[in-house]
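**Q** Could you build the full structure based on these sequences and the hints that come with them?
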Amino acid sequence: MPEPTASRPRMPGGYGIERDSTGLMTWSAVVERLAVARNYWVATTSPDGRPHVAPVWGLWLDDAFYFSTDPASRKGRNLAASPELIVHLESGDDVVILEGRAEAVTEPSLLARFAAAYDAKYQLRPDVSNPGPGFYRVRPRWAFAWREQDFPKSATRFSF
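According to this note's numbering, the sequence shown is numbered sequentially starting from 1.
It is possible that part of the hints are untrue.
Unchecked claim - Below, a list of computed lysine to any residue pairs in the SDA-like style, where the Cα atoms sit at most 20 Å apart:
hint, residue 1, residue 2
1, Lys153, Gly23
2, Lys153, Gly16
3, Lys153, Thr5
4, Lys121, Pro55
5, Lys153, Leu24
6, Lys121, Asp63
7, Lys153, Arg19
8, Lys153, Met11
9, Lys153, Thr22
10, Lys121, Leu89
11, Lys153, Ala29
12, Lys153, Trp27
13, Lys121, Pro133
14, Lys121, Leu111
15, Lys153, Ser28
16, Lys121, Glu32
17, Lys121, Trp57
18, Lys153, Arg33
19, Lys121, Asp62
20, Lys121, Val56
21, Lys153, Arg8
22, Lys121, Val36
23, Lys121, Ala35
24, Lys153, Ser7
25, Lys153, Ile97
26, Lys153, Gly92
27, Lys153, Arg10
28, Lys153, Asp20
29, Lys121, Ser109
30, Lys153, Pro4
31, Lys153, Pro9
32, Lys121, Arg33
33, Lys121, Arg38
34, Lys153, Ser91
35, Lys121, Glu90
What the hints assert, rightly or not - What follows is a list of derived Cβ distance ranges for each label pair:
hint, residue 1, residue 2, range
36, Gln123, Gly13, 43 to 51 Å
37, Ala81, Gly14, 34 to 42 Å
38, Glu148, Pro71, 34 to 42 Å
Bear in mind the hints are in silico, worked out from the structure with no lab data behind them. Please read these numbers as outputs of a predicted model, since none were measured by experiment. Quick reminder that beta carbons are idealized off the backbone N, C-alpha and C, glycines included.
**A** Here is the structure:
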């Protein structure tokens with residue numbers, strides 16, 4: 001994946017975000033946070049428009065976020081109705097937010113790589129041969145990141 005374009009996020013003037021590029025975060029710093037995070041919050045929308053947020057374990061692999069959830073779960077049903085979602089790291093001080101679309105992962109060699117990486121990270125190997133769990137990939141369209149300690153200077157929007 002080519003390096004995303006970094007710019008200032010579009011926020012109301014009251015946030016004090018300057019339009020220059022001083023202090024923007026690097027994509028490599030964001031990827032590092034995505035890779036080492038243990039818990040991720042996934043926000044989906046139900047068919048009637050109600051939001052739903054839940055924590056998941058996941059991986060940053062091949063320039064995308066991967067996770068699993070049972071298709072019969074609230075997340076799974078929401079994704080079947082509307083695959084648009086947001087992924088947010090746990091921290092409100094070191095923020096990373098991804099916006100994208102979940103797509104089902106069914107390709108056996110990719111699922112095997114997912115299982116190996118997941119096992120290395122969580123010491124738990126998902127059974128990717130079982131068709132029950134749903135495995136998903138999110139390629140970000142946008143990402144937002146900042147550090148509370150130097151906000152608003154570090155506030156960065158990445159476009160893919």
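**Q** Each hint needs a verdict: does it hold in this structure or not?
**A** Hint check results:
1. A distance of roughly 5 Å separates the Cα atoms of Lys153 and Gly23; the hinted pair therefore holds under the 20 Å criterion.
2. This hinted pair checks out: Lys153 and Gly16 have alpha carbons roughly 9 Å apart, not beyond 20 Å.
3. With a CA separation close to 17 Å, the supplied pair Lys153 and Thr5 stays within the 20 Å bound.
4. A threshold of 20 Å between alpha carbons decides the hint, and for Lys121 with Pro55 the separation of about 16 Å falls inside it, so the pair holds.
5. At most 20 Å may separate the alpha-carbon atoms for a hinted pair to count; Lys153 and Leu24 meet this at roughly 7 Å.
6. Note on Lys121 and Asp63: the hinted pairing holds, with a Cα-Cα distance of about 17 Å set against a maximum of 20 Å.
7. Proposed proximity of Lys153 and Arg19 is supported: the alpha carbons are some 10 Å apart, at most 20 Å.
8. For the given pair, Lys153 sits about 13 Å from Met11 by alpha-carbon distance, which is consistent with the 20 Å threshold.
9. Restraint check for Lys153 and Thr22: the C-alpha separation of about 7 Å stays at or below 20 Å, so the hint holds.
10. Taken as a hint, the Lys121 and Leu89 pair is honoured in the structure, with Cα atoms around 16 Å apart against an allowance of 20 Å.
11. At roughly 15 Å between alpha-carbon atoms, Lys153 and Ala29 fall within 20 Å of each other, so this suggested pair holds.
12. Between Lys153 and Trp27 the CA atoms are separated by roughly 15 Å; this keeps the pair inside 20 Å, and the hint holds.
13. This hinted pair checks out: Lys121 and Pro133 have alpha carbons roughly 19 Å apart, not beyond 20 Å.
14. In summary, the hint linking Lys121 to Leu111 is supported, as the alpha carbons are separated by about 15 Å, within the 20 Å threshold.
15. For the given pair, Lys153 sits about 17 Å from Ser28 by alpha-carbon distance, which is consistent with the 20 Å threshold.
16. Between the alpha carbons of Lys121 and Glu32 the distance comes to roughly 14 Å, so the proposed pair stays at or under 20 Å and holds.
17. Among the hinted pairs, Lys121 with Trp57 is consistent with the structure: their alpha-carbon atoms are about 10 Å apart, no more than 20 Å.
18. A hinted pair counts as satisfied when its Cα atoms are at most 20 Å apart, and Lys153 with Arg33 qualifies at roughly 18 Å.
19. Among the hinted pairs, Lys121 with Asp62 is consistent with the structure: their alpha-carbon atoms are about 15 Å apart, no more than 20 Å.
20. Of the supplied pair hints, the one linking Lys121 and Val56 holds, its CA atoms being roughly 13 Å apart against a limit of 20 Å.
21. Annotation: proposed proximity of Lys153 to Arg8 holds, straight-line Cα distance about 9 Å (limit 20 Å).
22. Distance check on the hinted pair: Lys121 and Val36 sit about 9 Å apart at the alpha-carbon level, within 20 Å; holds.
23. With a C-alpha separation of about 10 Å, the suggested pair Lys121 and Ala35 falls inside the 20 Å cut-off, and the hint holds.
24. As the CA atoms of Lys153 and Ser7 are separated by approximately 11 Å, the hinted pair is consistent with the 20 Å bound.
25. For the proposed pair Lys153 and Ile97, the alpha carbon gap of about 17 Å is at most 20 Å, so the pair holds.
26. With a C-alpha separation of about 16 Å, the suggested pair Lys153 and Gly92 falls inside the 20 Å cut-off, and the hint holds.
27. The hinted pair formed by Lys153 and Arg10 meets the criterion: a straight-line CA distance of about 13 Å does not exceed 20 Å.
28. At most 20 Å may separate the alpha-carbon atoms for a hinted pair to count; Lys153 and Asp20 meet this at roughly 9 Å.
29. Distance check on the hinted pair: Lys121 and Ser109 sit about 19 Å apart at the alpha-carbon level, within 20 Å; holds.
30. The hinted pair formed by Lys153 and Pro4 meets the criterion: a straight-line CA distance of about 19 Å does not exceed 20 Å.
31. About 11 Å separates the Cα atoms of Lys153 and Pro9, which keeps this hinted pair within 20 Å; it holds.
32. Only pairs whose Cα atoms come within 20 Å are accepted, and Lys121 paired with Arg33 is accepted, the gap being roughly 14 Å.
33. Between Lys121 and Arg38 the CA atoms are separated by roughly 8 Å; this keeps the pair inside 20 Å, and the hint holds.
34. In summary, the hint linking Lys153 to Ser91 is supported, as the alpha carbons are separated by about 18 Å, within the 20 Å threshold.
35. Under the criterion of a C-alpha separation no larger than 20 Å, the hint pairing Lys121 with Glu90 is consistent with the structure, at around 17 Å.
36. For Gln123 and Gly13, the hinted distance range of 43 to 51 Å is satisfied, since their beta carbons lie about 47 Å from each other.
37. In this structure the hint that Ala81 and Gly14 lie 34 to 42 Å apart at CB holds, the actual value being about 35 Å.
38. Distance hint check: the CB atoms of Glu148 and Pro71 are about 36 Å apart, consistent with the given range 34 to 42 Å.
Of the numbered hints given earlier, the model fails none.
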